[in-house]
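Protein chains: 2
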Amino acid sequence: MEDSWATLGVDLHLETGGEATRSGVRKGLTDALREAVRGGRLAPGTRLPSSRSLAVDLGIARNTVADAYADLVAEGWLTARQGSGTRVAERAVPRPAEPAPRRRAVGGPTYDLMPGTPDLASFPRAEWLKAARRALYAAPNDALGHGDPRGRIELRTALADYLSRARGVHADPGRIVICAGFVHGLVLLGSVLRARGRREVAVESYGLDFHWNLLERAGLRTSPLPFDELGTSTAELGSRAAVKVALLTPAHQFPMGVPLHPDRRAAAVDWARREGGLILEDDYDGEFRYDRQPVGALQGLDPDRVVYLGTASKSLAPGLRLGWMVLPAPLAAEVVEAKGGADLNCGVLDQLTLAEFITSGAYDRHVRGARLRYRRRRDQLVAALAERAPEVRATGIAAGLHAVLELPPGTERSVVQAASWQRLAVQGLAGFRHPAARVPERDALVVGYGTPPDHAWAGALEALCRVLP
Amino acid sequence: MEDSWATLGVDLHLETGGEATRSGVRKGLTDALREAVRGGRLAPGTRLPSSRSLAVDLGIARNTVADAYADLVAEGWLTARQGSGTRVAERAVPRPAEPAPRRRAVGGPTYDLMPGTPDLASFPRAEWLKAARRALYAAPNDALGHGDPRGRIELRTALADYLSRARGVHADPGRIVICAGFVHGLVLLGSVLRARGRREVAVESYGLDFHWNLLERAGLRTSPLPFDELGTSTAELGSRAAVKVALLTPAHQFPMGVPLHPDRRAAAVDWARREGGLILEDDYDGEFRYDRQPVGALQGLDPDRVVYLGTASKSLAPGLRLGWMVLPAPLAAEVVEAKGGADLNCGVLDQLTLAEFITSGAYDRHVRGARLRYRRRRDQLVAALAERAPEVRATGIAAGLHAVLELPPGTERSVVQAASWQRLAVQGLAGFRHPAARVPERDALVVGYGTPPDHAWAGALEALCRVLP
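Taken in order, these protein sequences are the chains called A and B. Going letter by letter, the first sequence gives residues 0 to 468 in numbering that gives the first Met the number 0. Going letter by letter, the second sequence gives residues 0 to 468 in numbering that gives the first Met the number 0.
Treat the hints with care, as some may be off.
Copies of the same chain look alike in the list, so a pair counts if it works inside one copy or between any two.
List time: in silico SDA-like cross-link candidates among lysine to any residue, alpha-carbon distance up to 25 Å [claimed, not checked]: (1) K129 to D141; (2) K129 to G360; (3) K26 to G368; (4) K129 to A361; (5) K26 to P434; (6) K26 to R61; (7) K129 to S359; (8) K129 to G144; (9) K129 to P139; (10) K26 to D262; (11) K129 to T45; (12) K129 to A73; (13) K129 to R374; (14) K26 to E235; (15) K26 to E89; (16) K129 to R46; (17) K26 to H260; (18) K26 to R164; (19) K26 to R432; (20) K26 to V191.
Calculated from the structure, these hints are not laboratory results. Being a predicted model, the structure only gives us computed values, none of them experimental.
Make the full structure from the sequences, and use the hints.
Right under this line is the structure:
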């Protein structure tokens, strides 16, 4: 029967429990509709199907529906107006709902210099949509199916080209696995390494406790390596027999900002070769380097001993949830297996869009533009410090979206506290220190100068200068 | 310095190991470029930066770069042509690459009637892009940040309205968690239930071994409930003291196609209330019902005892990797915790787009159109069987995108084999039977009539009729 419920304006689910008599059906329908409104299943303002449509849908007489509607209008649950049909009354009790999303929670900071997020206002919306359109129209139908657990071949191919060109990574599409950001990659690697019998991962003295916790949750202890002005002391790896895995940020130590010294890069790779070790290279902001000699990926030195992890979270936006791993071949197979045999985690549309975004050159253009903007902010930060807080030294500023501001000993907590009174969100270095790290305590702020939108940057910088000693 | 490497047309990473003499630098650059081309890091056809730009970038003399380029042109690695700049020669050895994606692997089937995938050719590309544009321009900047691990509030609100209206689900946005399809939801639930001390999940006698395996991998045994023409025998739940969790497909048993009998729906909910049990309701194709009385979600009977799991994989496309769970409040908190405290898995752009797609009415329109098309195919399948294979009975055809064709005893394997000779992909029922199921063996095909694109449907149906007894 063509003219059925399938042609209604909206789908409406009702449990009509009444008996088969006309009055029983009418009562059943009335009760069911009332309950749907009362319980919030039909929201205020919702337009109901016409009585004719609903009658066909339910296989009952049209008058029965009209009568039920009239009952509920009389009761105040529904409203009927010429030309706009029957609707759920606005006075009906609404479904308990959360408040609409807003930019900033009440009582939240006025200025945000927390590290870890790029300037979200500069996300290239128009260019991204252009790429999405081209990518979706170019995609074969089966791209919309379950797909390859490694991720779409278009994106893996584009990344292989890009990473080898821009970051010196030895990449081929077969050893790339797309993941939902760095964290997803780390979770997958953690479970694979635990399954291989690993119990411990060497990490850096400074880093994100969130990452350490994910490893611990996977059953892997984290033990910090020493740190000094040449970066993380990788020589120490050799003296720890139980450790076969190291998580490092070689291009730009997070959050301290130094690149790993060339001797220590070599030492790390030598250790991995000698001991059968594996290095996890977190290249979180490798695109953003302001000095003239870019630091290439460690992975280029030995693709069989280093897992390269990259992300679109800094270069585009964390909300994309797109990251990538370049893996030694045996590990790639195990990671795919850990993903559960299905591409569980990344929507293909964003993958296809990013592939188009990279191959069309829009990614390079966006990164270059962002780099100039961030570098300008970095220069303004350095200039402002020189003028307003000459005692404070900014380090780790050759690259990335954040700087470390060294404070006089013993002042970190009071500066962070003063910032929060000024409604300036900023983080002290203490929160980035591994609990077991054997490094002298240092007082410092980690300032994410990439975080605010352009219009808020000058105000944020001014607020920062006010709280510095 | 404004005019630096940051302004180049492409990023190029080189390790120039040469000494500081001009000839040393030239040799270092030449070697590095040659190695980059030979190793595939610079793909054939890639345009190199101008010698001026690269010189600024590397902080060396322009002539040094020009000489290095000239050397490599002479060696055949690069080509230089007036007006198109210097490029990597097409003859250069390319990076080992996978073949380009194609619609169908060589030797793959000509016709595909495997269940589990909708007609991907009918994905509403234009409407989806329209919604993506509106959604992305309307999104606040912070929507592109790390976000709520439950998923975007816009999508959870839209789903709460839609699910209560169309599926009779008691939903409020605070208890909805967006996940990367049903499988991701099942993985999250599996780990939470295991952490709660559960050891066993009652499943149906017929289902997907892929789902059973995911539960087993989470440390949960699966034990099948009996099955007959009224659906899964939920009365049996009461006799299994160790079982506190049941995974069911109440609206449309997969793959058998029967709805769970009302008495058995009630028995399942009564069991859950009495024993503190939990029902996982897999509502994989609830949108597609061709009979007149839609079967509402079991969750509506007791939202504190039933987890509702829905997905966009059947109504739109599996490649979106978008699903949703409506959870009892305590479980919602545990599932969010299991997600790792960060929204690890779903890109916000598709979430915002789906929210806009639903609230604009495009989702209802798409589902109604698809329902009519699938029902037409279902009718054509039934008519063809009546004419060409009157011995074969189609069951489970009141809803969904697949039918079960009952075959004469002992013929299933030979029919599947005959189909593969005809290059028709179709699945026998045996593969959907739980290894421990105590149900009589039945010979049948599970035919996914929703799978082929329109142009291939008639041919697929003809091929199917040819192999039936």
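ask   = Hints broken by the structure, by number, lowest first?
value = The structure breaks hints 3, 5, 12, 13, 14, 19, 20; every other hint is satisfied.
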